[in-house]
Amino acid sequence: MGLFSWLFGKKNATETVTIEPIEYKGYLIYPEPQAEGGQFRIAGRICKEIDGMMQTHHFIRSDILPSRADAETFMLKKAQMFIDQTGERMFK
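Just so it is clear: in the sequence shown, position 68 is 68 by the numbering used here, and no numbers are missing.
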C-alpha cells in the first residue's frame, strides 16, 4: 500500500501545522482558519493566563473567505476588536 500512496501522492493524514500566536494586550491570538468547500472559515483561539491557569476562548465566525491568508488577517482583526470590547469576561 505504501508504494501506491507514494505513486498517487496520498499525503499522511497526521500532518500537523504549528501556529505562532500573535500577542495583543496580554492575550495570545491563534488564527486557525477552517477549510470548507475550497474556501476558509474564520476561526481561531484567544488565550490568556489568569490566576496561573491558561484560559481559552474558541472564536468561530460564519464568514468564509477565498484564501487562508485573508481568513487569518480577518480573524486577527475581529479577535482584537472582541478583546477590546469584552476583555476577560469572554472566559466566564
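Hints may be right or wrong, so weigh each one.
Below are the DSBU-like pairs computed for lysine-lysine, each with C-alpha atoms no more than 30 angstroms apart in a straight line [unchecked claim]:
id	residue 1	residue 2
1	K77	K48
2	K92	K48
3	K48	K78
4	K78	K92
5	K78	K25
6	K92	K77
7	K25	K48
8	K25	K92
Derived from the structure by calculation, the hints contain no laboratory data.
Hint check results:
{"no.": "1", "hint": "K77 / K48", "verdict": "holds, 17 angstroms"}
{"no.": "2", "hint": "K92 / K48", "verdict": "holds, 13 angstroms"}
{"no.": "3", "hint": "K48 / K78", "verdict": "holds, 17 angstroms"}
{"no.": "4", "hint": "K78 / K92", "verdict": "holds, 19 angstroms"}
{"no.": "5", "hint": "K78 / K25", "verdict": "holds, 14 angstroms"}
{"no.": "6", "hint": "K92 / K77", "verdict": "holds, 22 angstroms"}
{"no.": "7", "hint": "K25 / K48", "verdict": "holds, 10 angstroms"}
{"no.": "8", "hint": "K25 / K92", "verdict": "holds, 19 angstroms"}
Hint violations for this structure: none, all hints satisfied.
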